[in-house]
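**Student:** Going down the list, the protein sequences come from chains W and S. Going by our numbering, the first sequence opens with residue 1, and the numbers climb by one from there. Going by our numbering, the second sequence opens with residue 1, and the numbers climb by one from there.
It is possible that some hints are incorrect.
Claimed, not checked - Just some of the chain W residues that point at chain S, by a computed CB distance under 10 Å:
1. Gly144
2. Pro206
3. Pro219
4. Leu248
5. Leu271
6. Gly445
Just so you know, the hints here were simulated from the structure itself, not pulled from any lab data. Note that this is a predicted model, so its numbers are computed, not measured. C-beta atoms are modelled at their ideal positions from N, C-alpha and C, and glycine is treated no differently.
Below are the chains, spelled out letter by letter.
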Amino acid sequence: MSQAILTRRDALGAAACGFGQLALTGLLNTSASAEPANPLRPRQPHLPPRAKRIIFLFMRGGPSHVDSFDYKPVLEKRDGETLPFDDARVIAKSGKRGSQQLLKKPLWKFRQYGESGRWVSDLFPETARHSDKLCLLHSMHTEGVAHGPATLFLHCGSTNFVRPSMGAWINYGLGSENENLPGFVSICPSPGNGGARNYGSAFLPPVFQGTAMGTAGGPTADAKIRDLVNARLPRQQQRQQFNLLRSLNNGQLPPGTKDTELEAVINSFELAWRMQSHAPDVLDLSRETAATQALYGINQPQTANFGRQCLMARRLSEAGVRFIQVTYGDGSPNPAWDQHSNLPKHAEHARRVDKPIAGLLEDLQQRGLLEDTIVWWGAEFGRTPYAQDRGTGRDHNPDGFTVWLAGGGLKPAFAYGNTDEFGHVAVEKKMHMHDLHATLLHLLGIDHLRLTYRHSGRDFRLTDVHGEVVHELFS
Amino acid sequence: MIGLPTRLCLAAAALACPASAADGPSLSPRDIAFFEKKIRPVLVAHCYACHSSKAAQVKKLRGGLWLDNRQGLLKGGETGAAIVPGKPDESLLLKALNYDSLEMPPKEKLPAAVIADFREWIIRGAPDPRRGRAATISKIDIDAGRGHWAYRPLEKLAVPDHPGPAGSSTVDTFLLARLEAARLRQVAEADRHVLVRRLYFDLIGLPPTPAQIETFVNDDSPEAYTRLVDRLLASPHFGERWGRHWLDVVRFAESITLRGFLFPEAWRYRDYVVRTFNDDRSLGRFVQEQVAGDLLPATSLQQRQQNVVATTFLALGNNNLEDQDKAKLRMDVVDEQLETISRAFLAQTIGCARCHDHKFDPIPTRDYYALAGILRNTKTLNHANVSKWIELPLPVAPARTAQIREHNKAVASLKARIKALQGTTNNKGLSPLPVAELAGVVVDDLQAVTTGSWMTSQFTKSYVGTGYRHDKGEQKGEKTARFRPRIPRDGKYEVRFAYTPGGNRSPNVPVTVISADGRKTVTINQKLTPPLDGRFISLGRHRFLRGGPHEVAVTNAGTTGVVIIDAVQFLPVKVSGNKPVATKTPPVKSPGKPAKLRTLQRQLKALQQQAPGQPKYMSVEEEKAIADTRIHIRGNVHNLGAVAPRGFLQVISLDYRPAFSSNQSGRRELGKWIAHRDNPLTARVLANRLWHWLFGAGLVRTTDNFGTTGESPSHPRLLDYLAARLIQQDWSIKSLLRELVLTRTYRLSSRHDQLGSESDPDNRLLWRMNRRRLDAESLLDAMLAVSGRLRTDLGGPQIRSGTTNDYNYRHDSNRRALYWPVLRNSLPELFKVFDFANPSMVTGRRENSSTTPQALFLMNNPWVLQQADHAAERVLGLRHGDRHRVQLIVRATLGRPPTPSELESMLAFVGSENDDRKMRLQKWAQVIQVLFASIDFRYLR
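Could you build the full structure based on these sequences and the hints that come with them?
**Tutor:** See below:
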């Protein structure tokens with residue numbers, strides 16, 4: 001599909017029949033440098049990129065790493081023992097270290113998969129089959145003990161201050177590969193835990209903010225780009241109306257001069273008109289074969305919703321969108337994976353996402369897209385290896401957890417870093433969320449130290465004054 | 001990891017450290033060998049990347065700490081000396097290696113053996129053969145900093161060097177002088193159609209109607225223009241337009257992103273701002289009220305209300321109430337306020353100085369904490385797991401106060417009578433009741449079998465046993481509790497359920513009794529005081545058999561609010577082979593009481609329904625403990641340095657040096673200092689803002705940054721003239737604006753000019769008027785005005801009643817855009833698309849983008865289509881032919897008559913006047929929508 005996408009110059013040529021004579025002359029006589037600046041035009045990366053885009057599968061709420069990808073046999077052996085731990089929440093609230101906690105073994109059996117022999121629990125049997133594609137980061141740690149701060153930190157690199165989200169930074173740094181589509185799309189984002197800030201542009205120009213398609217909990221079928229279609233007018237009639245607009249606008253250009261600003265306005269309508277005919281196809285999942293749909297689990301009620309979101313992510317990445325976030329969650333203020341009690345409920349969430357994720361990995365690989373697409377699975381934090389309040393669930397754990405990456409430029413079948421023997425605190429090759437941000441930007445060809453924006457008298461970046469690129473992950 | 005530095009300044013002071021002759025004492029070969037073998041390799045491998053001259057060269061030096069020379073180690077970085085030779089326990093380096101307070105190296109802790117080597121090395125006196133000198137960080141030179149244009153004193157009412165041509169004002173003359181020097185001329189004045197539209201939108205934000213346009217265009221009087229200006233300045237819509245500009249600067253919003261909490265009282269501040277602009281009150285006073293209105297004297301009730309509502313300004317920050325590190329959150333709130341105050345009033349970026357001396361501007365960290373101390377004495381949030389902003393009772397008229405007092409008295413008296421009748425049936429004043437004092441079988445909450453996480457509490461004292469538990473109001477459907485008694489004998493028992501009541505409790509807790517009679521579920525309202533003893537509610541009498549089922553089960557499924565479990569009591573009523581047990585609770589009631597009680601309760605309810613409402617406003621309070629604050633090293637709240645006495649920016653030298661009181665925060669002094677007539681920043685900043693909002697670009701285009709990284713003024717003397725005028729005219733915004741719109745320059749055409757475009761394409765010298773885009777609000781208001789739906793009433797709360805959070809709010813209003821709720825998670829689509837100011841940050845200058853979402857919005861958005869429909873109805877309702885209709889609708893939208901080609905193309909589009917009405921409506925709506933999307937509608941020429 002990417003060949004079918006017109007360059008900007010082609011597009012203007014093709015649309016020129018609709019331009020007034022004056023505008024046409026103006027455009028054709030213009031040198032490239034004097035063209036109205038399109039803020040989303042593709043930009044040269046700082047470094048040779050290893051990947052072109054990211055699909056972020058956000059497991060909102062924090063799935064338990066010790067029940068999924070971080071196998072800790074000690075937990076099984078010492079299940080039920082009470083031991084002192086430096087619990088992040090207790091420390092934040094009281095400064096008290098070494099609170100007594102009840103160890104809790106994983107509720108799912110771990111097995112080894114693939115040639116790499118990675119341990120994955122029975123929560124994710126489908127994803128496990130792709131474990132040789134995964135690059136597991138076992139030593140993640142982050143900031144924020146509660147969902148709000150940690151979720152904002154994950155997306156924007158700050159627990160409290162209003163900062164641009166990662167997708168907005170990438171959009172700003174690289175522009176969009178496809179003029180008919182936004183460069184940053186968030187599919188069914190949740191309104192909770194920072195809501196729109198998690199795909200916002202903060203002080204970056206609003207043009208770089210994420211485009212939300214649908215909302216959490218709503219049916220994926222409603223996940224659309226706003227105002228993309230005129231609900232009233234058939235295409236032919238709207239064309240007549242559009243021609244009237246063209247003639248009015250061209251007549252309103254000041255005579256005898258080139259006016260880049262107003263040409264940008266006229267241009268925005270031309271682009272909108274083409275987007276209107278092009279984008280709905282990208283979002284139309286019915287164009288996929290039944291086999292592909294089944295691969296994502298769309299044919300089964302439990303996996304249909306998340307499957308559609310993943311398939312849409314693939315279609316968008318194919319069409320050149322740089323950063324696509326898929327959020328697993330519902331519309332409630334409580335994030336789905338947040339099992340403070342009733343840990344067995346993890347199984348329900350896993351069932352809904354496992355098959356679609358495996359389908360996405362497989363589909364991307366079959367189409368050769370995995371080579372330059374990074375799939376990023378993770379959450380704002382993990383969970384404690386001990387029971388919360390000695391009950392049936394686990395509390396938040398920002399001090400050690402696992403995320404995995406796959407695809408573009410990353411070592412497959414690789415595991416990086418470690419938590420302690422219980423899976424509580426990252427101890428070996430610690431990787432802070434800032435480091436993950438820096439590393440992901442690096443893969444896209446962006447030097448996180450150089451991607452800056454001057455605001456309020458100083459230069460800001462996604463990683464603040466932190467962030468180390470972990471080169472060891474690169475293939 | 002807590003309290004990390006959160007500021008970034010990339011231009012780190014990369015200072016070379018020249019090799020020098022700083023030779024140390026002679027070292028033994030053994031010491032040298034130890035250092036070379038055990039210490040140096042570790043430093044090189046794990047520390048130099050961030051703590052060496054090489055790191056400094058690539059701007060990666062951290063903490064101002066050099067570890068690649070001996071002096072650097074001894075001198076240390078921002079947190080002090082890295083080592084104290086001979087004293088390992090006082091050496092910060094060793095603490096860091098041990099991950100004690102600091103954690104170094106950050107990636108992972110070094111092996112214990114390596115750390116032991118370092119300990120030994122320090123005990124030996126830290127012998128270090130390396131040379132080199134620690135670089136010193138340059139100190140800020142505040143005196144030199146005062147030379148920057150913005151910090152220099154205002155020039156007293158500057159006058160142009162040469163008089164201007166006839167008809168030009170002082171402002172024009174300043175501008176013409178620069179143009180002349182650049183050999184440029186101003187273009188001609190704009191025509192009257194352009195002028196009338198410009199004035200309406202600029203001064204009141206609304207389009208002129210066709211009739212208003214004609215009146216002005218046909219008014220030949222030389223006073224016509226001035227008359228129109230004065231009329232618009234006097235319009236109540238003036239304050240709506242100009243107040244909204246100010247709301248951009250103060251990051252006004254009516255909700256908080258986190259959890260979508262609504263600010264139900266924020267609208268009062270919005271209305272206060274509008275009134276301030278309408279009444280043309282002093283901007284200097286306006287500044288002081290926002291910073292410290294609660295501390296200012298008031299001579300009338302109205303003034304008192306004004307003063308306190310103004311302080312909502314301080315409380316509007318988009319803070320993360322959930323942050324668990326409350327010490328950090330408190331300083332983050334202070335930082336947000338400081339950032340807002342300094343950018344809004346002073347156009348200074350002092351946030352940099354939270355972590356280190358400002359790298360560009362003469363603002364040392366000490367100044368930051370001197371100001372922070374003032375705000376740290378101010379309470380903005382009440383801290384809890386989820387902290388909460390502060391709402392206070394609004395001062396009201398004495399009559400109203402008396403009314404409220406009378407009402408409260410009547411309620412109290414009724415409540416007292418009810419209480420007397422109920423005996424002790426009120427949990428107030430109850431103390432915990434030991435289980436042993438209760439009769440029958442008691443199952444305390446600790447003995448209950450639970451699923452899910454229940455939190456123990458002793459907050460409300462009327463509990464049974466050692467405490468009670470609650471579900472935190474979370475994970476509904478995931479928590480249960482089962483109370484299983486040991487039934488001694490078969491028989492009938494009265495089952496009583498104990499809970500501690502409260503306003504946040506669940507009104508609908510399902511409690512199921514499983515007995516020999518089967519299952520019976522009772523729904524309990526835990527907001528109400530339990531009727532028995534203030535502790536228990538009866539679940540009825542049930543038969544229990546020793547071998548049979550006996551359980552009381554509670555679930556939080558389907559509940560709202562907090563669910564409480566405390567204890568369950570099983571009181572034998574009729575038990576085989578035994579006499580009924582006399583119960584200790586409750587006291588026996590006399591039969592006459594219930595009826596009377598019910599009457600009183602009815603009266604109470606009726607009275608409470610007629611309660612005279614106590615209005616509230618959003619604000620801050622003075623902290624109880626007033627103090628200076630200490631410098632936070634690298635911004636870390638857990639790493640405190642020297643005390644920074646309260647004060648202001650040293651670079652601004654004023655003859656105002658108040659002593660700070662030990663029982664007031666210092667905000668009053670801060671407000672005075674900002675609004676001081678000799679403060680060179682405030683008047684310049686405000687005058688420049690007015691210029692920016694009127695002309696589309698400030699004399700200093702970086703309206704929020706007058707520091708050295710901002711732009712310099714294009715016309716410094718003009719800026720000083722305007723600032724001085726502002727002060728001279730008692731900070732009157734209307735007087736200054738009037739002067740500006742009456743200039744010839746404001747009246748210029750925005751037409752292109754060959755010479756001007758070539759030598760001054762950005763129009764910095766004002767050779768023409770800037771063409772400006774209608775902002776989101778003007779666009780919305782104009783469409784509503786054309787559709788005939790616009791409501792022009794002023795003020796009032798706007799969030800739809802019954803709204804509990806700001807998620808997916810449905811915006812639907814015919815009020816002006818100013819009154820559409822500014823909800824941080826749900827901005828109106830039009831706002832989002834058309835560059836509305838981000839309501840979480842100071843925005844003096846909005847973006848000005850031309851994007852496809854804007855085009856899509858105008859082409860397809862249902863709201864736009866709807867406004868076009870309404871307008872079409874109006875147009876077709878006119879008793880005119882289509883030609884005349886086009887004339888009118890083009891005037892209404894574009895503010896001018898249609899060009900001949902516009903007229904013809906629109907007539908051709910609408911087709912025959914004989915089409916059926918439905919078709920006609922459709923066609924006309926489409927034409928009007930095209931006008932909405934056209935350049936001349938969206939721009940002010």
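**Student:** Looking at the structure, which of the earlier hints fail to hold?
**Tutor:** Result: hints 3, 6 break, sorted rising.
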